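Protein chains: 2
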Amino acid sequence: MKLSQIGEETLLESIRKTFSHCSRNIVHGIGDDAAVLRQSSKYLFVSTDMMVEGIHFNLRFITPYQLGFKLVTVTVSDMYAMGCTPQYLLLNIGLHKDTTKHFINTFFAGIQAALLKYNCDLIGGDLSSVRRDISLSAVSIGGGKKILSRKGAQPGEKIYVTGFLGDAACGLELLKRMNKPVPITCSNTSRIQSFKGLSRKILQPLLKRHLLPDLKKPAPFVKHASSMMDISDGLLIDISRLCKESKVGAKIYSDKIPVSSELRNASIKLGLSCQKLALTGGEDYELLFTSPRELKRGAYHIGDIVESGTVLIGKNGQETPFSPEGYQHFL
Amino acid sequence: MKLSQIGEETLLESIRKTFSHCSRNIVHGIGDDAAVLRQSSKYLFVSTDMMVEGIHFNLRFITPYQLGFKLVTVTVSDMYAMGCTPQYLLLNIGLHKDTTKHFINTFFAGIQAALLKYNCDLIGGDLSSVRRDISLSAVSIGGGKKILSRKGAQPGEKIYVTGFLGDAACGLELLKRMNKPVPITCSNTSRIQSFKGLSRKILQPLLKRHLLPDLKKPAPFVKHASSMMDISDGLLIDISRLCKESKVGAKIYSDKIPVSSELRNASIKLGLSCQKLALTGGEDYELLFTSPRELKRGAYHIGDIVESGTVLIGKNGQETPFSPEGYQHFL
Chain A
1 MKLSQIGEET LLESIRKTFS HCSRNIVHGI GDDAAVLRQS SKYLFVSTDM
51 MVEGIHFNLR FITPYQLGFK LVTVTVSDMY AMGCTPQYLL LNIGLHKDTT
101 KHFINTFFAG IQAALLKYNC DLIGGDLSSV RRDISLSAVS IGGGKKILSR
151 KGAQPGEKIY VTGFLGDAAC GLELLKRMNK PVPITCSNTS RIQSFKGLSR
201 KILQPLLKRH LLPDLKKPAP FVKHASSMMD ISDGLLIDIS RLCKESKVGA
251 KIYSDKIPVS SELRNASIKL GLSCQKLALT GGEDYELLFT SPRELKRGAY
301 HIGDIVESGT VLIGKNGQET PFSPEGYQHF L
Chain B
1001 MKLSQIGEET LLESIRKTFS HCSRNIVHGI GDDAAVLRQS SKYLFVSTDM
1051 MVEGIHFNLR FITPYQLGFK LVTVTVSDMY AMGCTPQYLL LNIGLHKDTT
1101 KHFINTFFAG IQAALLKYNC DLIGGDLSSV RRDISLSAVS IGGGKKILSR
1151 KGAQPGEKIY VTGFLGDAAC GLELLKRMNK PVPITCSNTS RIQSFKGLSR
1201 KILQPLLKRH LLPDLKKPAP FVKHASSMMD ISDGLLIDIS RLCKESKVGA
1251 KIYSDKIPVS SELRNASIKL GLSCQKLALT GGEDYELLFT SPRELKRGAY
1301 HIGDIVESGT VLIGKNGQET PFSPEGYQHF L
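Residue numbers (the working numbering), protein chains in the order written: chain A, 1 to 331; chain B, 1001 to 1331.
Calculated directly from the structure, the hints in this document are not laboratory data. Honestly, I wouldn't trust all of these hints.
Calculated lysine-lysine pairs in the BS3-like style (CA-CA distance at most 30 Å, straight line) [to be verified]:
(1) B:Lys1042 <-> A:Lys223
(2) B:Lys1223 <-> A:Lys42
(3) B:Lys1196 <-> B:Lys1217
Because the structure is a prediction, the values reported are computed rather than measured.
Chain A on its own, in the form it takes in the complex (with noise of 0.2 Å):
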């Protein structure tokens, strides 16, 4: 069955059945025209990310699942960069009115294990066909009382990142090379199978990485941290842009940069540069803060905080400045 044939208020009525809610605060939900919550917190934070088909995905190497489990991912992961933990989630949603009855399920079956698992409620949105690429759009809420902005950072402080880079840059690469789904969820991650000699054990990371990407709360960090946001464009750009809002500089130590050892595995059997895919690639979704503090768990350390300028310093002690290398949309 197409879309075609369910037509939007059947669809529609099966989201509101599919995302009921029970918190207390959402005094009004999906189905009119706006959404309507309680909400006591000092701040309120609110951020909103695209998703367009042939530019942030091709559905020739991810599954409606794992798309409907990112597009949620992508805004929360921008809302833990402030430090906030987001509650109430919106969605836009553009299909193709030939999409099948199996695409929406499992796209939507995406969205819930995403919402279960950063705990957050659906609480409206709009529907829309579209002539050709899928557009999609998420829009995430939530309450704080600290707010970790890119302004904040001061010389002389410790720049951390919460886990592996590259990771997800190889994973999508290895998508490029196998040419397919690979059609893992949450619950099931069995369904990888060995690719140019390099068994599941080494892809399964990689791979999830880039199709499930599991975030990092930063709750643990938010006490410390004087700036903070989210690695998505890659970790030079992303800096820089940090500086660039701080009005300060950075040194970064390219052996510091914490990598996985499937990463190098991989990178090596692939013919790929393991330090440039940790260094420029996108959409690992680690947090990137700094801290006068110095933090003993769950964060690497990989460079400083200094007056201006941003450099790279080699293993041997040379230094490389870098200018924001990474995804630009346009260019």
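Mind docking chain B on chain A? Use the hints.
For chain B alone, kept in the frame of chain A given last:
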């Protein structure tokens, strides 16, 4: 100059400068991962709306200025429809990399004109490239004390609309026949030439209603209304939705539907049914609400809420049951 030469970072920088704001409740605006607000109203209202090229608009009939103006207007209308006055907007903007600087500038001029008109601040959003069709969405946020949803209409209450119906649908039909954009703006509506024997005076309100809709504020009706929505898809489908949510029926008196003299005039010349345009034409963005009170000003009494059934009463008292007609996506 094209967007491919300007780039995302430069465009973002120019947006930040253009839309700087001074509301002290905006703690953190455009340019970070999320926007942060101070919010102290009893209820928080949030709404989002998509506008996709080829579905919601056709660049053969609409200028970039009008597109920007309408993008803001449709989401403000959703908030008005709940009895709320929005204060903040986020915009998701997906444009082709070949988009010209002139397009971008006039598109943002339209956005700015609408923000000014509806007294809203742009606080964030997302920019993306698209391969083909332009994809836009707007998120609006506001605080309020009373919620006017689609639920709440009671048998015996009166049904009101705040203005003429059918004008926007007639305006769209005119544009399709003219097959070219009519470059009117909020400050200049003089650029209309007579068409098929219809004078500028007749054409102007019809075209303006479609291209630059002028929303009625809900404030004068909030106190007395029991349910409310905006007419975006057409009177009959929208009243059907209100009835469904309120679990009631409606009688609509066809001779009480407010119709402009311009619509009467143009529909004859164009060979269209004036009544059909008024009953099923979309995008008028008038408020539709119910109230137990007899209201003297600013709204037209067009029908009554009954226990069940939706019926149109003709001039001579003949009753025609109606099923929801109007625009449904995907079908």
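* Hints broken by the structure, by number, lowest first? -> 3
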